[in-house]
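Using the hints, position chain B against chain A.
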Amino acid sequence: MEETILKTVKVTKIYNQGKHNEVVPVRDASLAVGRGMAVVLKGPSGSGKTTLLSMIGCQIKPTYGEIVVKGKPVSKLPEKFANLHKRQHIGFVFQQFHLVPDLSVLDNIMLPLLPWGMSPLERRRRAEELLTEFELTPRRQFKVRDLSGGEQQRVAISRSLINGCTVLLADEPTAHLDAQLTADFLGYMNDLKQKGYTILIASHDPVVCENAMVDRIIEMKNGEIVS
Amino acid sequence: MEAPSPSGSWLERQRCIIDYSLQSLFRRRTKNGLILIMYVLLIFVVSSVFFITGSLTVELFSTVDELPDITVQKLIGGRQTSIQESYFPAIREIPGVGDVQPRVWGYFYLQELQANFTVYGMDLNQLEAGDYQRIIDWKPVPQNTREHPDFRMVIGEGVYRLLKEIQMQDSFLFFQPNWESAIPFDIIGTFKSETQLQSNDLMVMQTEGARRVLELKPGDFTDLVVHVPNPEETEMIALKIRRYYPELRTVTRSQIESTYTSAFNWKGGFVLSSMLVVIFAFLVLIWDKASGLSPAEKKEIGILKAIGWDTEMILSVKFWESFIISFCAAICGVILSYFYIYWLHAPGFKEIFIGWSTIYPEFKLVPDIDIKFLLLIVTVTVIPYSAIAVFPSWKAAITDTDFILRNN
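Residue numbers (the working numbering), protein chains in the order written: chain A, 1020 to 1246; chain B, 184 to 591.
The hints are simulated quantities; they were obtained by calculation from the structure and are not laboratory data. We put the beta carbon where it would ideally sit given N, CA and C, even for glycine. Fair warning: there could be bad hints in the mix.
Calculated cross-link-like contacts (lysine-lysine; reagent style DSBU-like; alpha-carbon spacing at most 35 Å) [unchecked claim]:
1) B:347 - B:533
2) A:1091 - B:533
3) B:482 - A:1240
Some, not all, of what chain B presents toward chain A, calculated at C-beta under 8 Å [to be verified]:
4) 185
5) 203
6) 492
Calculated from the model, a selection of chain B residues having no Cβ within reach of chain A, i.e. all distances over 10 Å [stated by the list, open to error]:
7) 200
8) 236
9) 243
10) 312
11) 375
Next comes chain A alone, as it looks inside the complex:
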């Protein structure tokens, strides 16, 4: 059996706890993902996929439960250590990409490296490698706001990989893409999977769920994992 790289144990998220407008987007979610696997979190809108993914990616903290990444519990880490964990192990591709629109492609990709205090030469070397891999070299000096949706997504993927993460999380990655770009995206994910990345995708897109590279589908409904 492959090594478990990612595990959640009864993870629950409650917003406005104890107030009249209390919301529980995720309840008692437990899952395990092995190294090098591609897993899809499937479910309709509002099923809690994005919230669970955000908790795994240390973007938000669970109210209850534990998240373990590479054998290390991360859900209760103080902010500084949670940020370090994010920088070292997690790559996150957001649904809206969340790129800085008036920065160039190159600068956006290099952003996660600044907290390391890395030399400009080394930052550039790593970014150039990804620009080549994701066919963005001709666009390297373009402002991100001038790129197409597919190109922006490739920039977002490159940015998420530049820190040498082992776990890649993608939230509704094909929501804004046409069929061709979706196919391209899945091609990139497949390549990354072959390279040993662990991939967790939150999506309700059947094209993603039915893709051959997907090892497992975890279905969510009303904040709970149902299968």
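Relative to chain A, chain B alone:
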């Protein structure tokens, strides 16, 4: 791709942060440019006021030692009038008085140049022999000068420049409407530039010559100067003179000093208050900066946090941004002000401080920069601005990342 090793030193991280801050400033160049311009303008005005008052005060105090301890004037009907020789012995008898000297002085208006000169009479032999020598550039004395000892004079630099324009720099012809003929006065020296504030429009001549120019009666003087060896006794002696002779008025050196100082400070305050619009505009800008970030700025902070930046690092970026703006503004403002005051001689500004008596003769300001003033400028501008500008970023940086990204 291999994971980076967390080996970058604090200094290297700061370099990365400063790189990003500069990039960020450049990206929002319109807003930041406007803040910088307003900031430079503000510091320029404040520095100019400080520079000009500082220089004038230094000018003033460099000649203040030459001021009499007490000046005695005679008043009739509330107006100053000439004082007679008969007062000298009685004042000299007051215990503590070192010496009493009569003075002859007044103003001479030269229609051709539309200039008012201050005429001062004294014993020029005393000037040539005493300590005053060091403040005068002596000119070669013409052969016939000794034959007319009453018609010689030492003039200020401003007067010299003006007289040069009408080719009278060696000798000047005085004329009053009720005279039958003009009287030539030889110019035997000029006052050095360090005494400019007081000497620029000055013509110092032999007492009898001054009396002729000012049309005073023989034996009459404009006022008396009293020398008091012990400065502690000055005020008491002035009081005694006023008590013995109620028709006399006394002006002490400290009164003149404080009048000048308060006049410069008052004028400085006046100029600063007239610049209130600029200051107010700047405060509005600071308020704008302090009261919140634009959605784009908030979102950028959210993005940086989402990709693993620490709050501390985001605050460092914002600190460097505001520090760079305020520091550049402080430097540019001070340099521009220096250039304006000491190179261009403060056109349009100097007149406010110097006043009517030296309007016509030129007057150059001598640089006087107090390091305390520069520190003050940095303290009251760079530090508060940096702190104020960082505050909204701190608020955004401690907000839940997910919330910021969803709502901006």
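Which of the listed hints are not met by the structure?
2, 7
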